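Asker: One-letter residues, chain by chain:
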Amino acid sequence: MFKFNSTLLLMVVILLLQACSAVPPQEAVNAEPAVHDVNDIVKKDKVYPIDVYDPWEGMNRHTYIFNAQLDDYVLLPILNVYQRYVPDFLRQGVRNFYSNLTSFVHTINSGLQLNTESTANNGLRFISNTTIGVLGIFDVATGMGFPEMKEDFGQTLGYWGVGEGPYIVLPLLGPSNLRDTTGIAVDFAFNDILLNEFGMNGNEGWLYFYYMMYGIDTRAKIPFRYYESGSPFEYETIRMLYTNGRRVLIAE
Amino acid sequence: MLKIIQLSIMLLLFLSDSAMSSSNEPYAYPLENPYAATIVGTPQEFKAKLPGYQDLPVDEYTLKIPGGREIPDVFWYERSGLRYAITAQDTQAPLVFAIAGTGAGHRSAKMKLFQRAFYQAGYHVVTISSPTVSNFILNASTTGIPGNLKDDSVDLYQVMQLIKNKHTNLAVSDYFLIGYSLGASQAAFVAQQDEQEKIFQFKKVMMINPPLSLFNSVVVLDKMLDDNVPGRFASFNDYFNNVIANVTAYHKTNQKINFMSSDFFYNAYREKRPDDYNLQALIGIAFRMSSSNMIFVSDVFNNLGYLVPKDTTLTKTTSLTNYAKSARRTGFSEYVNEVYVPYFTQTSGMSQQQIIDASSLLSIKDYLQSSDKIAMMHNEDDPILQPGEIGQLKSLFPDRAKIYPYGGHCGNMEYKDNVAYMVGFFNGDVLSGSKN
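Going down the list, the sequences are from chains A and C. Quick note on numbering: my numbering labels position 60 of the first sequence as 60, and the sequence is numbered without any gaps. Quick note, my numbering runs 1000 ahead of the 1-based positions in the second sequence.
It is possible that part of the hints are untrue.
[Claimed, not checked] When the alpha-carbon atoms are kept at most 27 Å apart in a straight line, the in silico DSS-like pairs for lysine-lysine are as follows: (1) C:1223 <-> A:43; (2) C:1150 <-> C:1402; (3) A:44 <-> C:1316.
It is worth saying that the hints were derived from the structure and are not from the lab. Please read these numbers as outputs of a predicted model, since none were measured by experiment.
Use the sequences and the hints to build the structure in full.
Answerer: Spelled out as structure tokens, the structure:
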């Protein structure tokens, strides 16, 4: 399963590498400059907070639109049914189950970043939730003082000085960059170890169910809805927030 | 200038304290700094106990307004129509129309509060975006130039009628109307129009934290940014990097705190106590983001040549990054002077002063003073008001103004007393509500 998915990710990356760059605005011939002329206001040699290295912007914007439509036509309708018909305690159980599996990945990455506090926290969280919390369905660890401390392989790479690389909008998964995309693939491999360990990697039907629920739960956790920020600069805003949010997480 | 505002706010705070000491219980909303209140809102433990948003039967719809103009490619995603939501009861019930504040869509946090509070209290709730957001400008604005209270309210009124006509199976006993911030001012104008057209005959109208004068508040908000980010927006970079550095430092020492959690800002505020200048700058930035979004959309939609040269082709995937930079550098006051006032002097024949006067609630003073069904909820320390404006607002609603000692601009809306008051007013069990 992992092999298939990492190949897919690799294909995506290659596709992106070949992608076109951004389309500049097409001004009319002999157009009068605007009252507040961009060319006067924006200094070419200056880096603005909204600037993020995005050489594949053209492709990224296409993917952004693709993701928005996927959300509208596929993900949100499923989510709607899930949230309306699956009772709260069950959804919470699903959420806890996946959150517990990711604490395994968080533990490995905390270790790789030589962070004793979060390694201990995430390790103890994983152990107590897997045992006392019945395979993670109940989150007993937060109450015991071991809250979720997210550490993924993208952060690990960042910790060891790997730069962000170009910004990438991943199909389905959304905002990322080259470093974090690599991180996703590696975390996927870590998670696969766990699935093998629990004997959950053999049955194909089960795996489909596993990833479907994982996808639904992940989407359910994100309140974001495309084009509802009311901002015509939503692409730019998300890009800025993602990049700076990751910087904050990595700097810790 | 700011010192004067601060001083008068403090003075007002002090006065209101003594004036309100007669009420039985002290007001326990925790943030006494108006700027912090505006940014942080209501911390979790002080919020009204309400059902979760996810547990409500919220249905999303889109509305096509007849005679709408063609929407440019760059805003392709708004072509499905005006988005709104209905949270309906199973049986016949009173219905609340809710109007969002500047820059806020129908799914913003404060609109969700209305859905949760009024659904629980047995009302249908219809949530409508502010006429200042792109979805509304492109789909439902007649002029495409938002900011005119009267015009925008006419558009809102039309939208409400279309929604009413579309959902004929919704059993409604009475109509109610609520709005916050700019949405509150618009609610007043909508209510006034309804007195003539009598389509809804609103039973009660609640206005939460309206500006007295839209243009005065715009000046205040523009200044919060210009006065507090050294070098104005030009050195916004340094300011922004500084904010990020502070967040990083805070996160570093508090690793176990999830920075997406609802009380992150509250905890950060309590620990770091940022000074007022920084808080004001943040409010100014938030406002600048909303106002510049609005200006850009209006500019492209009407081909004004203000930020984007006339007849420029912008496609679905055109990079807008540079326009975002120039838009963020353009204050709302500049837009008012350079686009808004010239446009409306030309189309309406009004003078500049008349246009500015029309942006104030004082322009419908007689209506507000004599309409028992309208109440206002406000805060003594609302930082979008100029000195003395809270007093003028009170005079517009004799016996119908509920003024809290603090809460900033809409910061205390989710506080339990405030929620109880807004629901109680519609239910008819508080104060002036009982008259009717």
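Asker: Does each hint fit the structure? Answer for all of them.
Answerer: Each hint, compared with the structure:
no.: 1; hint: C:1223 <-> A:43; in the structure: holds, 24 Å
no.: 2; hint: C:1150 <-> C:1402; in the structure: holds, 25 Å
no.: 3; hint: A:44 <-> C:1316; in the structure: holds, 24 Å
Taken one by one, the earlier hints all hold for this structure without exception.
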